[in-house]
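**Student:** So the sequences go chain by chain: A and B.
First residue of the first sequence: 22, per my numbering; consecutive thereafter.
First residue of the second sequence: 23, per my numbering; consecutive thereafter.
One thing to keep in mind: the hints can contain errors.
What the hints assert, rightly or not - Pairs of lysine-lysine residues, derived as DSBU-like cross-links and limited to a Cα-Cα distance of at most 30 Å, are as follows:
#1 K97/B / K99/A
#2 K29/A / K26/B
#3 K97/B / K24/B
Stated by the list, open to error - For each label pair, taking beta carbons as the anchor points, the in silico distance ranges come out as:
#4 L25/B / Q96/A: 33 to 41 Å
#5 E85/B / E43/A: 52 to 60 Å
#6 L118/A / D72/B: 35 to 43 Å
#7 D156/A / L25/B: 48 to 56 Å
#8 E151/A / D39/B: 44 to 52 Å
#9 M23/B / Q86/A: 18 to 26 Å
#10 K97/B / S49/A: 46 to 54 Å
#11 R90/B / L118/A: 27 to 35 Å
#12 P190/A / E85/B: 55 to 63 Å
#13 I137/A / E85/B: 25 to 33 Å
Quick caveat, the hints were computed from the structure, so don't treat them as lab data.
For clarity, every value in this text was computed on a predicted model and none was experimentally measured.
We treat Cβ as the ideally placed atom computed from N, Cα and C, and that holds for glycine.
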Amino acid sequence: MRREKQSKLDDYTEQLEQWLGEEQMTLSEAQQRLETMGCVVSLGGLSHWRRSRAWERTREQLLDQIAEGARHCQQVEKEFGKNPPPELETLIKLHRLTILQLSAQKNADRETISQISALMRPVMDWARLEEKRKDRELAEQKYRDEVEAQKSEAERKDRETNKEGGLSPETLEKIERELKLM
Amino acid sequence: MKLKLKRSILAMLNACDGVPAPEIALLSAVRVHAQPEQPSESDILDALRDVENKRYAAAVTDELTNERTWTLTSKGVHKAREGS
Chain A
22 MRREKQSKLD DYTEQLEQWL GEEQMTLSEA QQRLETMGCV VSLGGLSHWR RSRAWERTRE
82 QLLDQIAEGA RHCQQVEKEF GKNPPPELET LIKLHRLTIL QLSAQKNADR ETISQISALM
142 RPVMDWARLE EKRKDRELAE QKYRDEVEAQ KSEAERKDRE TNKEGGLSPE TLEKIERELK
202 LM
Chain B
23 MKLKLKRSIL AMLNACDGVP APEIALLSAV RVHAQPEQPS ESDILDALRD VENKRYAAAV
83 TDELTNERTW TLTSKGVHKA REGS
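Turn these sequences into a full structure, and let the hints guide you.
**Tutor:** Encoded structure:
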């Protein structure tokens, strides 16, 4: 994967950025200035270089933002390593803080705010699922308790039946033996 | 354009510095990085497959959320530094 080909203007990047940026020079003025420095370039070429440079800066900013975001994620993960993950309440507080901070900014971006709120939806869905899981576990426990109680009751009744006049297996065996002898 | 997209993918993942990048975030970041070109999602996915086939990046899918995340392999880190 080779890099894009170099432009002869790349050697003058610093000067050009100063001329076209801080000094607000026109392209023709910059072209003339370059000519005095021994670099002949067309106006179209200079314009193309300026556009490419603007895109390059956008790309650099994007990479910086991503790197910063990644560092932030690493920091959060590191903190979670030390302490347990935040409870739902903490997340809600964090969400509220972020929304308020964004709203307090000049030219608050409505789209960003709604995206941050959208990020909370999976958290709330998770909380609902957790509640359902607790309900299900409770119902399962209740069912197990009922089955256990029914079993105990049946065993108790069996024991009582045996006590109340029923023949014990030993007695029954004894009677059978005696009957055979007769 | 594919070459440029692959370079963008490597640059993006390299900027993540080992933090797994969700595929959705990666796709949108590459789309911005590739400007003024306007690649489609399938163009980027195609480039991403190439990057994966060359073992520059690896993906992991979360079974619970079905979310795919990407990280550079050691080979990919080397390649990304070479291109920066």
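**Student:** So, against the hints stated earlier in the document, which numbers end up violated here?
**Tutor:** Violated hint (a single one): 8; every other hint is consistent with the structure.
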